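K.L.:
Residues in the sequence shown are numbered from 1 upward in steps of one, following my numbering.
Calculated from the structure, these hints are not laboratory results. Note that this is a predicted model, so its numbers are computed, not measured. Hints are not guaranteed to be accurate.
As the list claims (entries may be wrong) - In the DSS-like style, the derived pairs of lysine-lysine whose C-alpha atoms are separated by at most 27 Å in a straight line are:
1) Lys-121 with Lys-164
2) Lys-4 with Lys-34
3) Lys-164 with Lys-34
4) Lys-4 with Lys-121
5) Lys-48 with Lys-34
6) Lys-164 with Lys-48
7) Lys-84 with Lys-121
8) Lys-34 with Lys-3
9) Lys-140 with Lys-34
10) Lys-4 with Lys-84
11) Lys-3 with Lys-164
12) Lys-34 with Lys-84
13) Lys-84 with Lys-3
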Amino acid sequence: MSKKELVGLACISIGTGQGGTISMLARVTVVDTKGNVLYDAYVQSTSKVESYRYATTGLNETHFENAVPFEEAQLTVARWISGKIVVGHQLWLDLQVLGLPHPAVDTRDVSLYLPFRTTLKRPNEILGLPTLVWHLMERKIQERFLDSAENARAAMDLYQSYGKPWEDSVEQTIWPCALPPTAFARHYT
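When you get a sec, could you build the whole thing from the sequences and use the hints?
P.N.:
Next comes the structure, spelled out in structure tokens:
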């Protein structure tokens with residue numbers, strides 16, 4: 001496995017802008033390799049919230065009564081992930097709403113791992129985390145609403161289930177993942 005420390009990252013977004021189409025950080029969770037929560041916070045929106053996306057997030061205004069300022073969450077997460085390998089699902093979306101870059105070589109994105117896609121006979125598709133976790137670990141997640149802690153743990157567990165061959169490929173300079181969408185390239189250094 002990797003010689004660097006690993007942390008799992010997951011975020012939940014709500015909608016700002018016209019029609020709530022612009023994603024804004026609502027909750028962020030960082031976990032360790034055992035799934036212990038290192039940081040978990042609801043985050044104050046920096047723009048007017050147009051949609052809490054309740055059908056998927058389960059969030060409403062009451063979740064944000066004791067929310068931390070965005071800058072505080074951003075700085076705290078930056079400290080937690082600095083110098084570490086970040087494990088997650090569709091990490092480019094998390095890095096975008098956090099406004100943070102991270103070295104591409106220090107990411108382990110289970111949505112981009114080609115052996116998972118090949119195993120499920122969907123090599124060109126970005127599969128949802130519940131699909132990956134169900135088919136590869138026979139575990140159900142997100143049965144009701146999104147939960148960033150549950151997602152961070154699930155991504156970490158999925159990565160660790162296949163961590164040795166993943167890291168062997170990286171060590172042999174054979175990158176085992178598809179590239180994230182090019183529109184998000186600025187979030188990878």
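K.L.:
A separate judgement is required for each hint: does it hold in the structure or not?
P.N.:
Right, here's what the structure says about each hint:
1. Lys-121 with Lys-164: holds (22 Å)
2. Lys-4 with Lys-34: Judged against 27 Å, a Cα distance of about 15 Å means the pair holds.
3. Lys-164 with Lys-34: Measuring from Cα to Cα gives roughly 16 Å; hence the hint holds.
4. Lys-4 with Lys-121: violated (31 Å)
5. Lys-48 with Lys-34: violated (36 Å)
6. Lys-164 with Lys-48: Judged against 27 Å, a Cα distance of about 44 Å means the pair is violated.
7. Lys-84 with Lys-121: violated (31 Å)
8. Lys-34 with Lys-3: Given that 27 Å is the threshold and the Cα spacing comes to 16 Å, the pair holds.
9. Lys-140 with Lys-34: holds (18 Å)
10. Lys-4 with Lys-84: holds (6 Å)
11. Lys-3 with Lys-164: holds (12 Å)
12. Lys-34 with Lys-84: OK: Lys-34 and Lys-84 at ~15 Å, within 27 Å.
13. Lys-84 with Lys-3: Status holds; Cα separation ~10 Å.
The earlier numbered hints that this structure contradicts are 4, 5, 6, 7.
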